[in-house]
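Novice: From first to last, the protein sequence lines stand for chains A, B, C and D.
Here our numbering is used: the first residue of the first sequence is 101, the next is one more, and so on.
Here our numbering is used: the first residue of the second sequence is 101, the next is one more, and so on.
Here our numbering is used: the first residue of the third sequence is 101, the next is one more, and so on.
Here our numbering is used: the first residue of the fourth sequence is 101, the next is one more, and so on.
In short, the hints are calculated from the structure, not lab data.
All of these numbers come straight from a predicted model, not from anything done at the bench.
Take these hints with a grain of salt, some might be off.
Put simply, identical chains are the same to the list, so a pair is met inside one copy or across any two.
List time: in silico SDA-like cross-link candidates among lysine to any residue, alpha-carbon distance up to 25 Å [claimed, not checked]: (1) K114 - R223; (2) K114 - D222; (3) K194 - E208; (4) K114 - A167; (5) K234 - C211; (6) K114 - T241; (7) K114 - S228; (8) K114 - E150; (9) K114 - A205; (10) K234 - R187; (11) K194 - F173.
Protein chains: 4
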Amino acid sequence: MSRPQPASRDRYAKFYPLATRWADNDIYGHANNVVYYAWFDTAVNRFLIECGGMQPGLDQVVGYVVASSCDYFAPVSYPDSLELGLRIERLGSKSVSWEIGVFPADAEESCATGRFTHAFVDRPSGRSAEIPAKIRAALQTLLP
Amino acid sequence: MSRPQPASRDRYAKFYPLATRWADNDIYGHANNVVYYAWFDTAVNRFLIECGGMQPGLDQVVGYVVASSCDYFAPVSYPDSLELGLRIERLGSKSVSWEIGVFPADAEESCATGRFTHAFVDRPSGRSAEIPAKIRAALQTLLP
Amino acid sequence: MSRPQPASRDRYAKFYPLATRWADNDIYGHANNVVYYAWFDTAVNRFLIECGGMQPGLDQVVGYVVASSCDYFAPVSYPDSLELGLRIERLGSKSVSWEIGVFPADAEESCATGRFTHAFVDRPSGRSAEIPAKIRAALQTLLP
Amino acid sequence: MSRPQPASRDRYAKFYPLATRWADNDIYGHANNVVYYAWFDTAVNRFLIECGGMQPGLDQVVGYVVASSCDYFAPVSYPDSLELGLRIERLGSKSVSWEIGVFPADAEESCATGRFTHAFVDRPSGRSAEIPAKIRAALQTLLP
């Protein structure tokens, strides 16, 4: 397996700004490995809410994260400003795999790449479910 | 004691934007009471870094929080955009008391008011210390 | 106003263990002021669930935090083990005020004192509500 | 690639208890995907501190996380009690790859599997560094 590499901005279809917080830094003065995943959730759910009509707490069919990963290439620190690029890696009938590129505000190359898979579930029954139509339409705009 | 009340924007000397995150919401769909304090840290330390020359991890004299409090007037939720207003309540020789107003981006009245006190300490000795001159100069710009 | 002081264990009616986490420490190597409030939520809600029958996400009447505060007397750090003591300061018909003492596992005196007030609300209507009977019965066991 | 599967306890060399917190749950009432990584940090760094003599903030050579991942098999929720099993997947001269199994306290099968790689770095120079001898000795006790 080749070693993961930084990506350029043209790999991603849509960007959101992400402001770091004081608590993102750990004792070493860099954003801790954990908080990147909180950033991913923030950008992806914002897309799903604003573009896909997702209503957390009201929707019957929701996406649960079944796998996630991140490769870290270079540290960032509060109070850096970041931009998160979104890309859909794979769009199935009941699941979607995201890739998120983390870019310092003035950088051409990403400092981290995240990936995670949402599997959609019907909350009342707990069963696997088709991606709702409005969310699917939004996801298709992010396909390569 | 009279009941705490929302404040208007003119009470605060300087504002910073604060973007909510997915993880700010708790099971009730509102920003959890805890995360307000993370927001306060983010705005106040940004001020200290950008305006007061604070260098976390390098400075010998640092401000430790010895007391904090918050009154919550109305809920906010991710993905709301907020603005945090800063005000100095009391500036001593070795401590400073902050007040932070939390405003939804389009609101004239605050939805929460936070307060906390930084006591400055010389890290090597652990002893109480004077506020460094550059930080003091910055703090004075926020006095009413 | 007299300066807040550490308290002894006999002030509190019930104790829960609280294990610190790596992310509790900030860049100064101490538990950050924010995470104490996450500890308070953890101990108080555990009491409400285990002793008061609270079912988060199902209950129609829930307690929202309308005010919180903390005095910090001495730092603690991951991987310290803590114990949180609970005490009811005031029990009204529609609200309850908690005091939480934070104790290092082997200490007689608290290293921090937290306080917060839960106001009970009927979620569907958003209106103020009486504390549910089962929760009230549990709260009464913590009164001084 | 075969689909990731739960593992049994005998796969792991050492276990630590992990108490969930109120803030671990997200709006869906389950521990959010992000907090698993905070749990991993907590268990692994506890091992490095208690068994490997790591002194965060003092050590010159430290382990930075360069990659992390998690597969989620079944949800858990606060106030569940968990146990985290540690295993070393690969021990190089300058890096170590961890596997962490997350087990509900009474379960034989894991509900999540995490993995991450620590690359050791000399902080003053920022250069890649050998794993310190005392940490290496501790890591070897976790090898399969």
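Novice: None of the hints should be skipped; say for each whether it holds.
Specialist: Checked hints:
no. : hint        : result
1   : K114 - R223 : neither (29 Å within a copy, 35 Å between copies)
2   : K114 - D222 : neither (28 Å within a copy, 37 Å between copies)
3   : K194 - E208 : neither (34 Å within a copy, 29 Å between copies)
4   : K114 - A167 : both (22 Å within a copy, 24 Å between copies)
5   : K234 - C211 : neither (32 Å within a copy, 31 Å between copies)
6   : K114 - T241 : within (9 Å within a copy, 39 Å between copies)
7   : K114 - S228 : neither (28 Å within a copy, 35 Å between copies)
8   : K114 - E150 : within (13 Å within a copy, 30 Å between copies)
9   : K114 - A205 : both (14 Å within a copy, 23 Å between copies)
10  : K234 - R187 : within (18 Å within a copy, 43 Å between copies)
11  : K194 - F173 : between (31 Å within a copy, 17 Å between copies)
When each numbered hint is compared with the structure, violations occur for hints 1, 2, 3, 5, 7.
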